[in-house]
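Novice: Quick note, this note's numbering runs 160 ahead of the 1-based positions in the sequence shown.
To be clear, the hints were calculated from the coordinates, so they are not data collected in a lab.
Do not take every clue at face value.
So the derived label-pair ranges between C-beta atoms look like this [what the hints assert, rightly or not]: (1) L269 with V174: 12 to 22 Å; (2) K292 with L188: 30 to 40 Å; (3) I213 with F243: 23 to 33 Å; (4) I185 with K292: 30 to 40 Å; (5) A210 with A294: 34 to 44 Å; (6) Q220 with L280: 18 to 28 Å.
Owing to the predicted nature of the structure, the values given are computational and were not obtained by experimental measurement.
Virtual Cβ for every residue (Gly too), placed ideally from N, Cα, C.
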Amino acid sequence: MNYWQLILMLMALVSGALMPLQAGINGLLAKQVHGVLPAATISFIVGTCALIIIVLLQKQVPTLATLKSLHWWHWAGGLLGAFFVTTAALAGPKLGALLFMTLVLAGQLMSAITLDHFALVGYKEAALSLSKIAGLLLIMAGIWLIQRG
161 MNYWQLILML MALVSGALMP LQAGINGLLA KQVHGVLPAA TISFIVGTCA
211 LIIIVLLQKQ VPTLATLKSL HWWHWAGGLL GAFFVTTAAL AGPKLGALLF
261 MTLVLAGQLM SAITLDHFAL VGYKEAALSL SKIAGLLLIM AGIWLIQRG
């Protein structure tokens, strides 16, 4: 394992660790502003402002021609992010951090298995295997146990 791979793995780990914090903060924000959609909007405005500043500082602003050349599905990442933030603000506080994040993880892994197996949206091909299916089934069993307790 090289240095950059280790850095990327740590970034992914920290990003995952921050997701329940983000969901909780957005849930509290939703209570404060009396709505999930206004909270999600505020969350995205703050994130957008931060990213605009970084893009401007790095001088990586895409041209209008580049933006016009994008396909409809290039824009879907933002919609998917909005769906997650809205769902987290709504469901996270009601389900609890552990159950919510375990369900998110299970959904991510079900999607990831498919994306890898068929090498979709830029992922390298990684064939489906019994051990991957077994791991996913164990997570599903974990959801059942967490939900019971």
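Novice: Each hint should be assessed against the structure and marked as holding or not.
Specialist: Hint check results:
Distance hint check for L269 and V174: the Cβ-Cβ separation is about 19 Å, which falls inside the suggested range of 12 to 22 Å. A beta carbon spacing of about 36 Å between K292 and L188 agrees with the range 30 to 40 Å that was offered as a hint. Checked against the given bound of 23 to 33 Å, the beta carbons of I213 and F243, roughly 25 Å apart, stay inside it. Our hint of 30 to 40 Å for I185 and K292 holds, since their Cβ atoms are close to 33 Å apart.
Distance hint check: the CB atoms of A210 and A294 are about 40 Å apart, consistent with the given range 34 to 44 Å. Distance hint check: the CB atoms of Q220 and L280 are about 26 Å apart, consistent with the given range 18 to 28 Å.
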